[in-house]
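Quick note, the sequences are listed as chains S, D, P and B, same order.
The number in our numbering is simply the position in the first sequence, starting from 1, with 849 added.
The number in our numbering is simply the position in the second sequence, starting from 1, with 849 added.
The number in our numbering is simply the position in the third sequence, starting from 1, with 849 added.
The number in our numbering is simply the position in the fourth sequence, starting from 1, with 849 added.
Worth flagging that the hints you see were computed from the coordinates, not collected in a lab.
Predicted model, so just to flag it, every value in this text is computed and none were measured.
Only true hints are included.
Repeated chains share a single entry, so a pair holds when one copy, or any two copies, can fit it.
Think about it this way: if two alpha-carbon atoms lie no more than 27 Å apart in a straight line, the pair counts; the simulated DSS-like pairs of lysine-lysine are: (1) Lys855 - Lys919; (2) Lys999 - Lys1046; (3) Lys855 - Lys926; (4) Lys1046 - Lys919.
4 protein chains.
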Amino acid sequence: MLVVMKAQATPEEIQAVCAHIEQLGYRAHPLPGAQRTAIGITGNQAEADRGNLESLPGVAEVIRVSKAYKLASRDVKEEDTVIRFAGSDAAIGGRDLAVVAGPCSIESREQAFAIAEEVAAAGAQFFRGGAYKPRTSPYAFQGLGLDALKIMAEIREKYGLRIVTEALDTETLDLVAEWADVIQIGARNMQNYSLLKKAGRLRKPVLVKRGLSATLEEFLMAAEYVLSEGNYEVILCERGVRTFADHARNTLDLSIVPAIKRVSHLPILIDPSHGTGRRDSVLPMARAAVAAGADGLMVEVHNHPEAALSDGPQSILPSQFHEMMGEIGQIAPVVLRRLPRGIRVEAAAG
Amino acid sequence: MLVVMKAQATPEEIQAVCAHIEQLGYRAHPLPGAQRTAIGITGNQAEADRGNLESLPGVAEVIRVSKAYKLASRDVKEEDTVIRFAGSDAAIGGRDLAVVAGPCSIESREQAFAIAEEVAAAGAQFFRGGAYKPRTSPYAFQGLGLDALKIMAEIREKYGLRIVTEALDTETLDLVAEWADVIQIGARNMQNYSLLKKAGRLRKPVLVKRGLSATLEEFLMAAEYVLSEGNYEVILCERGVRTFADHARNTLDLSIVPAIKRVSHLPILIDPSHGTGRRDSVLPMARAAVAAGADGLMVEVHNHPEAALSDGPQSILPSQFHEMMGEIGQIAPVVLRRLPRGIRVEAAAG
Amino acid sequence: MLVVMKAQATPEEIQAVCAHIEQLGYRAHPLPGAQRTAIGITGNQAEADRGNLESLPGVAEVIRVSKAYKLASRDVKEEDTVIRFAGSDAAIGGRDLAVVAGPCSIESREQAFAIAEEVAAAGAQFFRGGAYKPRTSPYAFQGLGLDALKIMAEIREKYGLRIVTEALDTETLDLVAEWADVIQIGARNMQNYSLLKKAGRLRKPVLVKRGLSATLEEFLMAAEYVLSEGNYEVILCERGVRTFADHARNTLDLSIVPAIKRVSHLPILIDPSHGTGRRDSVLPMARAAVAAGADGLMVEVHNHPEAALSDGPQSILPSQFHEMMGEIGQIAPVVLRRLPRGIRVEAAAG
Amino acid sequence: MLVVMKAQATPEEIQAVCAHIEQLGYRAHPLPGAQRTAIGITGNQAEADRGNLESLPGVAEVIRVSKAYKLASRDVKEEDTVIRFAGSDAAIGGRDLAVVAGPCSIESREQAFAIAEEVAAAGAQFFRGGAYKPRTSPYAFQGLGLDALKIMAEIREKYGLRIVTEALDTETLDLVAEWADVIQIGARNMQNYSLLKKAGRLRKPVLVKRGLSATLEEFLMAAEYVLSEGNYEVILCERGVRTFADHARNTLDLSIVPAIKRVSHLPILIDPSHGTGRRDSVLPMARAAVAAGADGLMVEVHNHPEAALSDGPQSILPSQFHEMMGEIGQIAPVVLRRLPRGIRVEAAAG
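Let the sequences and hints guide you as you build the complete structure.
Below is the structure:
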């Protein structure tokens, strides 16, 4: 922590701030500058200290230096986290690109199976589908619930796809954990700490989506909540943030990929479907995500998007998903990655 | 809803879109323009329709016209909602400015009582204090829980202040509802729909804080979740939004006050403490909020902010709270409001 | 400046950074912490130093401590700047609230005089009107140019109002300076450094509007460009910033008022017309601006807003302007201000 | 244009709005809905009409349908614009990826030549270098001016690179146009309409950088200013926008690439240097930009970034530039592009 004094601060004020710091059990290091004096603090730990200092006479600013995340940081664990799934070649975080695909919501057994068959054929290792849906309107379709979880369990059985689905609240978390392979925490719940803590007590991978206005630090602190309870299998997912820009539903912030890789060992996926909200932007941004170094993709696919109960405009068609897999399969080697199940040449050729 | 066709759209494409609309059970009204044709739709209800249309050939854009909120809208209820508290002169939404004041967190019985005595003396009708705290870091102080609720119940008894406190999750909601007069839903939980729905089934006023990047519509939709379950006592609270600006912790968006008043009958309070994050900005923004037409204020007050366990830098001192009450009491008549318990002249004079 | 080293930085890397700093002619102060070492730098001046350091091995972050603005800072001049106008009681920055009012564009002599008569009668000291208009579309009305400047000179003569008008570019700056009392630099030109520098060589007050995404520091640096050329009569003006919020044309950031007052001696006005873009939000935000401590207002007034060539929807009617003056006249004493020409009671009563 | 009436609007109010529209010379098409009536307008052209309507009794909202840009739109010109340079294989907008590389500022003949040699060897077709620099601080290095232009002319001669450099103001525009092949308009000048118009009267390609908070429409309107003066050789350039996110200097908005391609025929480049502000993010985002379908890149390269007079932290080393060219050369075929001068295998191998 660094305390910056005002230009007019008196020697007495500087002395008083130093004394206050020492009294808190830390060491104060005054650094007289050309215009102002700054005071370095060593030995401090928590953010709570900050308030004390900003209110002292003569203090202009207090600058925090240490990061709040610990277990999510590369300072604690240098090598990348790779999450593996017993009895499957699926993995998230290593050399293989992880591709999660499926409809926004599970609408029926027929719809889910038709889409699952397509995405499995194109090389996806994970199937996504909403059972419990967070909807802006209380009057909108809220998901099939347990029925949807059971349909996805059948899909895992039949197609060998691992299941990713959202747990909306602490009430349904155990149920979701029982049926799914990866528990998704949605963007709107990124700071639902009760849910994060409870997910941290499970022993199943947790995928945390970035909140609509979350900073990198807040995003990692959400992961830290899960990690701090002893669950070390956390996957991050960027899905667009909210800005003034109006040409897309959200602004997909791909630069968070190298930024996360710099400071954290956790894998990060990109969701270009929510990230853009427009079908015709999904493939360009999926390619861009892989090129930027993401560990994989999470994509909405629907066989009849014009009839989808949610997110139709941003769902791509199965044929587009095949095309996407062909394209990212070609980009993967540039970033030292691969699609584990290969590129289906016949599909990519179309 | 309005469908805007591309300039190059063919008559057949326009015809196909009209046919699609009619097939959905609505009426299509083609409006040929100088450059493009637009197609008005009447008889539609839900947002789910939109996806259908954007994917049809020749369609450039689909524009939604109706608002998603119903019960929160002045279209449904023209007169302002006023929330009253039996056995008390406290009210939110009418002529009287509602002032909610107290510490960020209840830290001890002594601290809470000392602050309550001050804010009651200065004319506040409501006491706020965190029992369960949403903290960015899992390692930070999380609140005293039930003990804090009991302390606040004693404060209600002793000072006649009504109690406002946050329910963090569905697990503790019933407990909070049992002890508090107003249940606060925090900004991070503004789209925690399970929590909102459960709060909607209670028969206690619910104060919903605006999410950090919530639009006016999303803010009202959060209220709509509570209203749609039959709880009509909803209070909105603006507490700053997240922008690029770095001179304050958040950007307090006071223009939402006249905007809400235009479209909704619900009362709106302003929280200048979280809205700015800086003690020296709280009074200016509190005055501004009242001048803008807000129904009241929610302010953090601490007797020893330099030792506060949370939000010390943005908590004002009791003496500043007295000063604030004096100032807003003078501004109130300009906006046809008043401070119900008067201005304590001796205090304001200090 | 403060250099934060990575947790894994070696003693050699720390030593190398210190050596590099000393080589640049500064002093390095290593501060070993529990997790990381930080290195304080004293004696440095310019921002250019930063790049050097971030690229050295082991460096995690470089934090700038000194502010870039000098002449705009209270560190250099503690007392508030007050700008006076010879032969007039008009002033900006002192006890008197400065009110600038008039149409967005000068459209005709009749229109301008009709509006000027109204705003003068209601107590404004300054008249605003666009002669050269910055328009998003090249096909939109671009202003009457010199004719408009001449009309405003007549208005000064007849009503004793001082004239504020925008200089769009260096070509027309001299012309504007010749006819106007205050030269406005628009939000889109806030970082048009050629224009700012040329305005700095004039000896007329310059009003700088905040850019749509300008931080406080960038805003003051724009002022610094004018000040650094020797023109010390700079007025700041907040007119709303761009955010995700869609209920107003811009988000009016009133918290910049106390923030500017903290660090700078320059006066700051608020423009609630551009700040909201909606007529029905102008009065609430004008009141809020005065209550927040602004030095005055800049407001668009039009006698026939439904026929205005620009900004009609945000222009208030003369009757609303009278009402506004009555309201802010009542709020002024709370912030130790006054309307110098008094409140026209008969007008305010209407 | 579409006028949405309030739910409570009376038939008389609806009739009055229709009459007003007809009086303006347009046609009104009332569309009674379940809750509200909307009125479609045909035959209107300009944005100025809007104000008229929003102020009429009973009107809730006015929605603009037509886009303001005309010449920049695919409605006017369906095929992509390709800009060619006589006597060179360099082109912007066609199958060949355009790569513009060089230092932020020309600091000396030696520095410029050393960098030019490297970027030419790696396959760039364009050289960038600042002669006139827009700096936030008046005290920072402002560029070498004419000397820099002359150095770049020599570089064109020696290495066959086309020159891209910024014109800061109308004063220096002619000089820049005389020496450069592409005139850059910087982000801070994106709404400097005098400069855009004067650039529109030249017959040299103009590269317009997106403003820090420009919407897609404003970005295209800046291009429209140039096009409307008869200069049809306009290149767009995304360089990051301003958001709350603090892990990068700006937020690079790659989703604008497919969005621009949808509505406009103009080519678009991406600047990952300003877009991220961090050397270690430049290569990931350069790859992502090409994968997203951009027409090329604009990248800052410096042989001694630790000693650069500006933008050192975001400049990549020549060796990194070689690596980048190797990587994007491999991605190019996926998006049906190529690097015209091939990939220097030996360089890429390094």
